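Here's the letter readout for the chains.
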Amino acid sequence: MEQSSMEHQPQAATVGGTHEGQQHPIRLYLMVWGLLFVLSAASYLVDYMEFQGGLRWSLILIFMMLKAGLIVAVFMHMAWERLALGYAILLPPFIILVFVVIMVFESDYTLLTRLTEFATQ
Amino acid sequence: MADVTLKKTPPEHPEGLAGFVADWSSDQRTFKQVSWGKAMMWILLLSDTFIFGIFLVAYMVARSSTPETWPNASEVFALHIGGADMPLILIAIMTFVLISSSGTMAMAVNSAYRRARGPTALLMLVTALLGAGFVGMQAFEWSKLISEGVRPWGNPWGAEQFGASFFMITGFHGTHVTIGVIFLLLVAHRVWRGDFDLDRRSWLSRGNGDYESVEIMGLYWHFVDLVWVFIFAFFYLW
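Chains as they are written, first to last, in the working numbering: chain A, 1 to 121; chain B, 1001 to 1238.
Do not take every clue at face value.
Simulated crosslink set (SDA-like; lysine to any residue; CA at most 25 angstroms straight-line) [stated by the list, open to error]:
id, chain 1, residue 1, chain 2, residue 2
1, B, K1144, B, E1160
2, B, K1032, A, P92
3, B, K1144, B, I1179
4, B, K1144, B, R1201
5, B, K1144, B, I1231
6, B, K1032, A, Y48
7, B, K1144, B, R1206
8, B, K1144, B, L1125
9, B, K1144, B, H1189
10, B, K1144, B, K1032
11, B, K1032, B, G1019
12, B, K1144, B, F1234
13, B, K1144, B, R1063
14, B, K1032, B, R1201
15, B, K1032, A, L115
16, B, K1144, A, Y48
17, B, K1032, B, G1158
18, B, K1032, A, S40
19, B, K1032, A, L45
20, B, K1032, B, F1052
21, B, K1032, B, N1155
22, B, K1032, A, A73
23, B, K1144, B, I1081
24, B, K1144, A, S40
25, B, K1032, A, G69
26, B, K1144, B, N1155
27, B, K1032, A, M78
28, B, K1032, A, Q23
29, B, K1032, A, A79
30, B, K1144, B, G1158
31, B, K1032, A, G86
32, B, K1144, B, R1114
33, B, K1032, A, L90
34, B, K1144, A, L45
35, B, K1032, A, V72
36, B, K1144, A, F118
37, B, K1032, A, A88
38, B, K1032, B, E1160
39, B, K1144, B, I1093
40, B, K1144, A, P25
Note that these hints are calculated values from the structure, not bench results. Every value quoted in this text rests on a predicted model; they were computed, and no experiment measured them.
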């Protein structure tokens, strides 16, 4: 997320003197567009080839995170924004992961009670 | 009163982590070099992230707390094409259409900052058309499932919560796409008419070639694509 890590800096197409525009080469957009196509095709193939278990899940999650990262970093220009904005927007969603962990325990418990109390015999 | 000499040089903004600390502790506006419009769009998208996050968590809870078998998405969303069942084929096409619309949107933002009026409006129009195509395919998918007997309270293949999760998540996403299409057409129309090149303020533009609204519109549109990435992974591929 270091601003200097990309090979070019946004040109200061300042309008009205209040902000900088986000002007980036079209080639970069086309490259990301192509990559998103490839990654989507790859995650579709994971289903088509009927991979199961850990392999399926690690592949799906890796492709998902790569796609999300490309969209946010390049298409939404987060890679060139100041860290103050990046952290304010990108860190809070990680709280959802805590919620996920809590709800995993909760649904395990619900499943257990359903299995023991809703006995069909 | 003491004379105050105003410095004419713009303040220095350090980069990286030092910049992060400086921006947040500066006792001024935090988001420097970002207009309010853009900062507010990002904050809207953050709250939307939580909404979709909670839908997906609710879906996870429904799915993992039921002893019933969950309908196999690969089979439920298969289409019969040319004598063979193609698993998830419609969803795959929808994914490619939405990614393409994100691509054209990025190009529209690029044209906007070059102040190329025609290409910007045209690319936004293409984006809107792809978005409308996506919504159309979603409508087709909904009607197909409804005709097969999927309801929010039941379906022919297994756990009853399947329908509720499906309609809720894809419905909210479809609504977002629809709103995006409407706004894309609105902004594209304004760009085409030359509203952004006037030498005065107008709706969405501070005048004199301020095309930032196109980028802000783009942020929303890319977010819709971003949400689909997660729905695709968790709802259709799980």
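Hints, verified against the model:
| no. | hint | verdict |
| --- | --- | --- |
| 1 | K1144/B - E1160/B | 18 angstroms, holds |
| 2 | K1032/B - P92/A | 20 angstroms, holds |
| 3 | K1144/B - I1179/B | 23 angstroms, holds |
| 4 | K1144/B - R1201/B | 48 angstroms, violated |
| 5 | K1144/B - I1231/B | 19 angstroms, holds |
| 6 | K1032/B - Y48/A | 47 angstroms, violated |
| 7 | K1144/B - R1206/B | 47 angstroms, violated |
| 8 | K1144/B - L1125/B | 29 angstroms, violated |
| 9 | K1144/B - H1189/B | 34 angstroms, violated |
| 10 | K1144/B - K1032/B | 49 angstroms, violated |
| 11 | K1032/B - G1019/B | 10 angstroms, holds |
| 12 | K1144/B - F1234/B | 21 angstroms, holds |
| 13 | K1144/B - R1063/B | 22 angstroms, holds |
| 14 | K1032/B - R1201/B | 22 angstroms, holds |
| 15 | K1032/B - L115/A | 55 angstroms, violated |
| 16 | K1144/B - Y48/A | 21 angstroms, holds |
| 17 | K1032/B - G1158/B | 52 angstroms, violated |
| 18 | K1032/B - S40/A | 35 angstroms, violated |
| 19 | K1032/B - L45/A | 43 angstroms, violated |
| 20 | K1032/B - F1052/B | 28 angstroms, violated |
| 21 | K1032/B - N1155/B | 52 angstroms, violated |
| 22 | K1032/B - A73/A | 18 angstroms, holds |
| 23 | K1144/B - I1081/B | 15 angstroms, holds |
| 24 | K1144/B - S40/A | 24 angstroms, holds |
| 25 | K1032/B - G69/A | 23 angstroms, holds |
| 26 | K1144/B - N1155/B | 13 angstroms, holds |
| 27 | K1032/B - M78/A | 14 angstroms, holds |
| 28 | K1032/B - Q23/A | 17 angstroms, holds |
| 29 | K1032/B - A79/A | 15 angstroms, holds |
| 30 | K1144/B - G1158/B | 17 angstroms, holds |
| 31 | K1032/B - G86/A | 12 angstroms, holds |
| 32 | K1144/B - R1114/B | 44 angstroms, violated |
| 33 | K1032/B - L90/A | 17 angstroms, holds |
| 34 | K1144/B - L45/A | 24 angstroms, holds |
| 35 | K1032/B - V72/A | 19 angstroms, holds |
| 36 | K1144/B - F118/A | 33 angstroms, violated |
| 37 | K1032/B - A88/A | 13 angstroms, holds |
| 38 | K1032/B - E1160/B | 50 angstroms, violated |
| 39 | K1144/B - I1093/B | 16 angstroms, holds |
| 40 | K1144/B - P25/A | 42 angstroms, violated |
Violated hints for the displayed structure, listed by number in ascending order: 4, 6, 7, 8, 9, 10, 15, 17, 18, 19, 20, 21, 32, 36, 38, 40.
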